[in-house]
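Enquirer: Protein chains in written order, with my numbering: chain A, 22 to 278; chain C, 14 to 250; chain Z, 72 to 347.
Worth flagging that the hints you see were computed from the coordinates, not collected in a lab.
Glycine included, every Cβ here is placed at the ideal spot set by N, Cα and C.
Some clues are possibly wrong.
Stretch by stretch, here's where chain A covers chain Z in the computed footprint (C-beta under 8 Å, at least three residues) [as the list claims (entries may be wrong)]:
(1) 164 to 170
(2) 231 to 242
(3) 272 to 284
Pairs of lysine to any residue, SDA-like flavour, derived with a Cα cap of 20 Å [as the list claims (entries may be wrong)]:
(4) Z:Lys293 - A:Asp166
(5) Z:Lys293 - A:Arg142
(6) Z:Lys293 - A:Ala141
(7) Z:Lys281 - Z:Val150
(8) Z:Lys239 - A:Asp166
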Amino acid sequence: MNSPLLSARGVTKRFGSRLACCNVSFDLWPGEVLGVVGESGSGKTTLLNCLAGRLAPEAGSVAYETASAGTVDVHCLSEARRRLLARTEWGFVNQDAREGLRMGVSAGANIGERLMAIGARHYGNIRQTASDWLDRVEIEADRLDDRPTTYSGGMRQRLQIARNLVSEPRLVFMDEPTGGLDVSVQARILDLLRGLVDRFHLSAVLVTHDLGVARLLTHRLMVMQGGVVVEEGLTDQVLDDPQHAYTQMLVASILPV
Amino acid sequence: MLRVSGLQKSFVMHARGTVGDDLALPVLKHVGLDVRPGECLALVGPSGAGKSTLLRSLYGNYRPQAGSIQVRHRDDWVELVDAEPRVILDVRRHTMGFVSQFLRVIPRVGAVDVVAEPMVRLGADLTEALRKAEFLLGLLGIPERLWALPPATFSGGEQQRVNIARSLIADYPILLLDEPTASLDQANRDGVIDLIRQRREAGTAIVGIFHDVAAREAIATRLHNVALPTSQTGVAA
Amino acid sequence: MPDGAYNYAYLDEQTKRMIRRAILKAVAVPGYQVPFGGREMPLPYGWGTGGIQVTAAIIGQDDTLKVIDQGADDTTNAVSIRRFFARVADVDTTTRTEEATIIQTRHRVPETPLQEGQILVFQVPIPEPLRMLEPRETETRTLHALSEYGVMQVSLYESIARHGRIAKTYNYPVLVNGRYMMSPSPIPKFDNPKLDRNPALQLYGAGREKRIYAVPPYTPVKSLDFDDHPFEIETWEQCCALCGSKASFLDEMIVDDEGQRLFVCSDTDYCEERRK
Numbered sequence: 022m023n024s025p026l027l028s029a030r031g032v033t034k035r036f037g038s039r040l041a042c043c044n045v046s047f048d049l050w051p052g053e054v055l056g057v058v059g060e061s062g063s064g065k066t067t068l069l070n071c072l073a074g075r076l077a078p079e080a081g082s083v084a085y086e087t088a089s090a091g092t093v094d095v096h097c098l099s100e101a102r103r104r105l106l107a108r109t110e111w112g113f114v115n116q117d118a119r120e121g122l123r124m125g126v127s128a129g130a131n132i133g134e135r136l137m138a139i140g141a142r143h144y145g146n147i148r149q150t151a152s153d154w155l156d157r158v159e160i161e162a163d164r165l166d167d168r169p170t171t172y173s174g175g176m177r178q179r180l181q182i183a184r185n186l187v188s189e190p191r192l193v194f195m196d197e198p199t200g201g202l203d204v205s206v207q208a209r210i211l212d213l214l215r216g217l218v219d220r221f222h223l224s225a226v227l228v229t230h231d232l233g234v235a236r237l238l239t240h241r242l243m244v245m246q247g248g249v250v251v252e253e254g255l256t257d258q259v260l261d262d263p264q265h266a267y268t269q270m271l272v273a274s275i276l277p278v
Numbered sequence: 014m015l016r017v018s019g020l021q022k023s024f025v026m027h028a029r030g031t032v033g034d035d036l037a038l039p040v041l042k043h044v045g046l047d048v049r050p051g052e053c054l055a056l057v058g059p060s061g062a063g064k065s066t067l068l069r070s071l072y073g074n075y076r077p078q079a080g081s082i083q084v085r086h087r088d089d090w091v092e093l094v095d096a097e098p099r100v101i102l103d104v105r106r107h108t109m110g111f112v113s114q115f116l117r118v119i120p121r122v123g124a125v126d127v128v129a130e131p132m133v134r135l136g137a138d139l140t141e142a143l144r145k146a147e148f149l150l151g152l153l154g155i156p157e158r159l160w161a162l163p164p165a166t167f168s169g170g171e172q173q174r175v176n177i178a179r180s181l182i183a184d185y186p187i188l189l190l191d192e193p194t195a196s197l198d199q200a201n202r203d204g205v206i207d208l209i210r211q212r213r214e215a216g217t218a219i220v221g222i223f224h225d226v227a228a229r230e231a232i233a234t235r236l237h238n239v240a241l242p243t244s245q246t247g248v249a250a
Numbered sequence: 072m073p074d075g076a077y078n079y080a081y082l083d084e085q086t087k088r089m090i091r092r093a094i095l096k097a098v099a100v101p102g103y104q105v106p107f108g109g110r111e112m113p114l115p116y117g118w119g120t121g122g123i124q125v126t127a128a129i130i131g132q133d134d135t136l137k138v139i140d141q142g143a144d145d146t147t148n149a150v151s152i153r154r155f156f157a158r159v160a161d162v163d164t165t166t167r168t169e170e171a172t173i174i175q176t177r178h179r180v181p182e183t184p185l186q187e188g189q190i191l192v193f194q195v196p197i198p199e200p201l202r203m204l205e206p207r208e209t210e211t212r213t214l215h216a217l218s219e220y221g222v223m224q225v226s227l228y229e230s231i232a233r234h235g236r237i238a239k240t241y242n243y244p245v246l247v248n249g250r251y252m253m254s255p256s257p258i259p260k261f262d263n264p265k266l267d268r269n270p271a272l273q274l275y276g277a278g279r280e281k282r283i284y285a286v287p288p289y290t291p292v293k294s295l296d297f298d299d300h301p302f303e304i305e306t307w308e309q310c311c312a313l314c315g316s317k318a319s320f321l322d323e324m325i326v327d328d329e330g331q332r333l334f335v336c337s338d339t340d341y342c343e344e345r346r347k
């Protein structure tokens, strides 16, 4: 707990003349789940991609404390190192599971890929681990050899989560992990994520426009509007005692059940 | 355990559109208090005087504009006003529990797991935490058949008791109680009062709001008057 | 004398130099696919345009050429390519593996062990071993550059999950010199062990995709597998009906309308030599 896991400083990204995210800075500490909320187009996903090394920011830096090699600047790493990091110490859960999965191979192969990529060469062990993870994400064991094309949306999303967590990453980036799913399916995934975050002491950056999701999963929130962070703080502070006009408007817009 | 001085809190409601229409609602002005282990401070005052606001500010849920809230945490005094989120989280995890009037339900998580969670987060063994959770639920009169069910469908009183069990399981040195007995019937209320009094006698520092006079008299050791701010310009939250 | 209507070995000298440069680079980086400016050849893609360009770039009048197609010297493709080079490069041709200095092959490696100084030229339809798993060329290049070959292992995993064993029997992926993933062209996996530390130089030419890659003599070539599903070659209960060999790759032939079957060596030269 002595140093942050991820430190963003002045991260700025522009698309043409449009400012997608402007001067964003924060520290993410081990075990913390940081939520990034805001409406569509507020720069949340751009920020996430900059943090995860998928987009190069124009200005600013993203420092990550690796498990063994000290602190690295994500955007100064060689592509090889960055990709290695991305498939060992990090996870990335896409909103659209099809982007995060190999749709043409079985669930077991999807989960096993990271293991094989870092050198696992025992089929039986890989399959067992894949099976364990399928169980953890509440998918029946007899679906192990089925392709994700035969899965429902919620199952695909859970499979994507398993595929990411199998290498026991320390940091997971999530882009609207429950977007586009039925409410009951959402609840299951949220519950699952919550349990896994606790159990594996994960740190995460979660992008969502759903304040309910943010309330349930995150410890801290950053509220973005037009690429700028307008408010940040503890999740319950921000949601129960919003200070900025935009946050107040967002909170007031939640539909009561 | 808890020292508060010069606390100020007002709510600023931003109006749609024009900046000039912002509405400022001062609620707390120069609040100071001091709670020692084994003490229970009952906040009293008229409705709208800011008792809940004060309690929520103590928990770090509301952000005061000025003043100081110091908490005895891990053998040290920690300032909560303008503290980093992770500091407040750590204080909440180890030192300070909060019983609100309403349970924030988590989809699909069973009552017994909801109750056990704070203890598990502190590193306790899962089976041990579950056993203690069941013990507390039993003590608070939640029928055993409900333990495994998510509390979303429980009655108000049952949810309230699940909430209390969740806050008591971790033996926090400081407890903040917002109407802990509000929606309980007589028998359950007595059970809750007993539990809280036991905690106080064991040295827990408590700050609470009790509209129920009997509960207040049974638990509180001191009263703290929360006055209506004089310069009030609108309806308090 | 070579046919005077064409430059020696059909290609012009500049083209041959360009191809030789690509070959040198390929030899220097075993298993790495080197792009080259492939030319139109007087036969369609898929008939060995890549192999022919490589052969044309390295052949000289002192060479002896052998051409096989699926192990046989006497198929149309093999015969016409042999005749082509006899005409444009004025070289001796042979069917004997040990006499040849250059062996152009489609889909087999000769059974007779190769020697130092011999060159084996493979015709390659799809040079990219990762193509079926990752359609983007930009991405496969990155995967090669970074040695990220997990996805290939994924395909083997998938095969075992589906069939109980690694069902791939030809074009079985190999790792060259511990570095580059390589397609050995559609040879049966039976031939994969022959690629490993072979004294001959192996050159691979893909005409349609315009890539050349190579395995220099004595380079380690490892067939991918799992610890608990090790790489294995095909075996037959029968032996060759003509020469009695138990150690060669056998083709199955239906010999009459009753469905009588016969197993014979796929390598015709090897079989004939054994019957002498």
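Enquirer: Under a C-beta cut-off of less than 8 Å, do 3 or more residues of the segment 231 to 242 of chain Z approach chain A closely enough to confirm the stated coverage?
Expert: holds (count 3)
Enquirer: With a C-beta cutoff of 8 Å, work out whether three or more residues of the segment 272 to 284 of chain Z approach chain A closely enough for the coverage to hold.
Expert: With 0 residues close enough to chain A, the hint is violated.
Enquirer: Has the segment 164 to 170 of chain Z got at least three residues whose CB is nearer than 8 Å to a CB belonging to chain A?
Expert: Coverage by chain A is violated here, the residue count being 0 at a Cβ distance below 8 Å.
Enquirer: Take the C-alpha atoms of lysine 293 of chain Z and alanine 141 of chain A, compute the straight-line distance between them, and say whether it is at most 20 Å.
Expert: Status holds; Cα separation ~17 Å.
Enquirer: Is lysine 281 of chain Z within 20 Å of valine 150 of chain Z, Cα to Cα?
Expert: violated (24 Å)
Enquirer: CA of lysine 239 of chain Z to CA of aspartate 166 of chain A, is that 20 Å or under?
Expert: holds (18 Å)
Enquirer: Given the hinted pair lysine 293 of chain Z and arginine 142 of chain A, is their alpha-carbon gap at most 20 Å?
Expert: holds (14 Å)
Enquirer: Verify the proposed pairing of lysine 293 of chain Z with aspartate 166 of chain A, using a straight-line Cα cut of 20 Å.
Expert: Distance of about 28 Å is beyond 20 Å: violated.
Of the numbered hints stated above, those contradicted by the structure are hints 1, 3, 4, 7, listed in ascending order.
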